[in-house]
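With these hints in hand, go ahead and build the complete structure from the sequences.
Number of protein chains: 2
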Amino acid sequence: MDPVLQLLLALFIIVVMAKSAGYLSTRLGQPSVLGELLIGLILGPTVLNMLHWPVFGDPHLEETISYLAHLGVLILMFVAGMEVDLEAMLKAGRPAVLAGVIGVIAPILLGGLQGWLSGFDLAHSAFIGLTLAATSVSISAQTLMELQVLRTRVGMGLLGAAVVDDVLVVLLLSVFMGVAAGSSSLLSVLWVLARMVIFLVLAIWLGGKILPRLGALVERLPISEGVMALALAVTFLYAWAAEALGGMAAITGAFIAGLIFGRTPLREEIEHGMHTLAYAWLVPVFFVSIGLETNARALGVSGIPFALIMVVVAVLSKVIGCGLGARLGGFTNGEALRLGVGMSSRGEVGLIVATVGMSSGLIDDLVFASVVIMVLVTTLLTPIMLRALYPRPAGGPQPRPAAEIDQ
Amino acid sequence: MDPVLQLLLALFIIVVMAKSAGYLSTRLGQPSVLGELLIGLILGPTVLNMLHWPVFGDPHLEETISYLAHLGVLILMFVAGMEVDLEAMLKAGRPAVLAGVIGVIAPILLGGLQGWLSGFDLAHSAFIGLTLAATSVSISAQTLMELQVLRTRVGMGLLGAAVVDDVLVVLLLSVFMGVAAGSSSLLSVLWVLARMVIFLVLAIWLGGKILPRLGALVERLPISEGVMALALAVTFLYAWAAEALGGMAAITGAFIAGLIFGRTPLREEIEHGMHTLAYAWLVPVFFVSIGLETNARALGVSGIPFALIMVVVAVLSKVIGCGLGARLGGFTNGEALRLGVGMSSRGEVGLIVATVGMSSGLIDDLVFASVVIMVLVTTLLTPIMLRALYPRPAGGPQPRPAAEIDQ
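Order-wise, the sequence lines are chains B and X. Going by numbering that gives the first Met the number 0, 323 is the number at position 324 of the first sequence; the sequence numbering is gapless. Going by numbering that gives the first Met the number 0, 82 is the number at position 83 of the second sequence; the sequence numbering is gapless.
Quick caveat, the hints were computed from the structure, so don't treat them as lab data. Please note: incorrect hints may appear among the correct ones.
[As the list claims (entries may be wrong)] So the derived label-pair ranges between C-beta atoms look like this:
#, chain 1, residue 1, chain 2, residue 2, range
1, B, S19, X, R194, 25 to 33 Å
2, X, E82, B, I203, 40 to 48 Å
3, B, D364, X, V46, 39 to 47 Å
4, X, M0, B, A122, 17 to 25 Å
5, B, S359, X, G360, 36 to 44 Å
6, X, M0, B, L201, 40 to 48 Å
7, X, W52, B, Q147, 57 to 65 Å
8, B, E61, X, P53, 22 to 30 Å
9, B, E267, X, W52, 35 to 43 Å
10, X, L216, B, I303, 55 to 63 Å
11, B, R93, X, L220, 37 to 45 Å
[Said to hold, decoys possible] Which chain X residues face chain B? A few, computed with CB under 10 Å, are given here:
#, residue
12, T25
13, L27
14, Q29
15, A238
16, A297
[As the list claims (entries may be wrong)] Quick look at which bits of chain B chain X covers, simulated, 3 or more residues with Cβ under 8 Å:
#, region
17, 17–28
18, 314–326
19, 330–339
Predicted model only: the values in this text are computed from it and were never measured. We put the CB at the ideal spot given by N, CA and C, even for glycine.
So, in structure tokens, the structure goes:
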């Protein structure tokens, strides 16, 4: 069959299965990402091995799907950048900032320790830690909303700490990619850092001056979908430049592009368009492609303890790190515990970090499969743990489906 | 450089150059497709040979871009299907239907004759004729609007005839693909036609029953971008099934999917989303990819007469065919001439037919390059000829940029 036809059939299966599984997942009170990841695992080599069905004979099909998944990741990071609410973070204040910062350091240390004790060298161990650092609070925020406690100190602290977490992880990933690539001498490390700083200054300062004006100009011109074309083109350029020129991760560039456009009057139009682009096909393709690249069977019996320990490390490191930060920031012990538990679910950013690490050879199949399992389990566990820490509201509303907050 | 980075850089260049060239084109009173095609020719092997710059070392980059272009074509055909206004066609009545039908037959005969006299066999000659059959009236409609005569018999006839033209060309292309693939015996031809009929009946009748209900259901469910995901998935499925099961062109499937969703209450939401998806990046990628696949230099000195004759045949066959049909339908000679001239510009559907023919081996590089030139020249000429046939309105408004009607 013609390669294009194979791509069409594969995209049809992926989009329909992902969206159906995501919906079923929300019907069961779980976030849609859980269903989308699980269906990816089922379609992938773990169970059905879809891309090796006789109907899919094109050797480049997997590559093409992975390219589309990469584009989905960039748009996801752009949207994440747009949604970063620096004001909310500042308002949440010291406990949020401390919880965010220590909540990133603790998983890197503890996850790194796990890697180190499992025989990985320093760079690989540190990267394993980094994959555990990225939180995903949408499911926790949804749970707190159901419990009618999102507008408390814990809820606001959670949202603020999540912003700190996002920004820190993206920055640390970039530093890591730069240093890991050229860490042969002190001079090369300095050069790597200098390139990063130059890129960041140019991208944020120059981009922050030029892009809003360019956007306003394009909006006035009679160009069909001009604003969205500009936003996409800048996302592609920033992602390319971040890695090719700045020596950082491509997602950092997309994130910065989102940060800049999120502060222009075009925000609403761009967010709407990017949302369609992302959630109608590219993000489902990304989540399923994670499963397509994961062979959970490769874990084998010997790998299961590693994955299980990673789950424990992931939860404990966030509870301890974020909890400690919140406590130092003035929260009570109970509030600090709740915030730490709320921060312990992982999601797409952790998967993105793992994907970057996988394609750079910084983590192997076993670690990648473990990260996928860790994301699945923490996503399942966090709402349960969080609900256990709160008394049920008397006669409260029925839980609302999680899809109301996008992954 | 990493293949994904190369793709990002290529997409950035393509989107920015296409949109800028399209805008410049509208500033010069031309439709944006003219600029987008020209910049594609410049970026392609004809001038800059972009995909062979040292920075683009990935041998699959061209393939990936061509896949994205294919997706763009399908979405374009879906939108075309959505916009088919059967009521307007019926209202325009007999002259429109006759102009549409004879306006398709004449280019096939005359274009086929050109191919035959140039030494091509019957199948190849007929396909050359078919590439000349697809009209694109958006630039003519825009011109008539500027002249304030769109709401006349000629204007309404033009829009009606264009619908007939669209539907007929899509159907004929499908018949052609089916018959050309298995025309070894009468029995196989009958089997091909039977498959087509079965596919069309199932796709239109069963799809027409199921899809609107499915759409209404999905809209009520808490699925992020569920309606758009459904529309895209159905487009992929229909396109795949049209070719893989029905033995027709994939674009026919996308066109039918658009026809069905265009008659549901979801039309506006889907049209908005598809428009963003199409014009923000995939359609510019398609137009540029045409240029990337065209080597106008391959025409050589010997090929130029063929291309020039094709331009003349393209214009004359529409003027004669559509004019005759309109005359038979009751138009005056003057009205029939104006309608025929208005129908003589070609656009994306002609290019799509040529792309399908190229990948099926039904036309070669020389014919493909000639079709691109024919589209460029007829797009340039038609508004000039049309204006010459109308007296200027005294104190009329300034011409408005063509981008107000999408390509």
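Subject >> Violations among the numbered hints >> reply: Result: hints 6, 10, 13, 14, 16, 18, 19 break, sorted rising.
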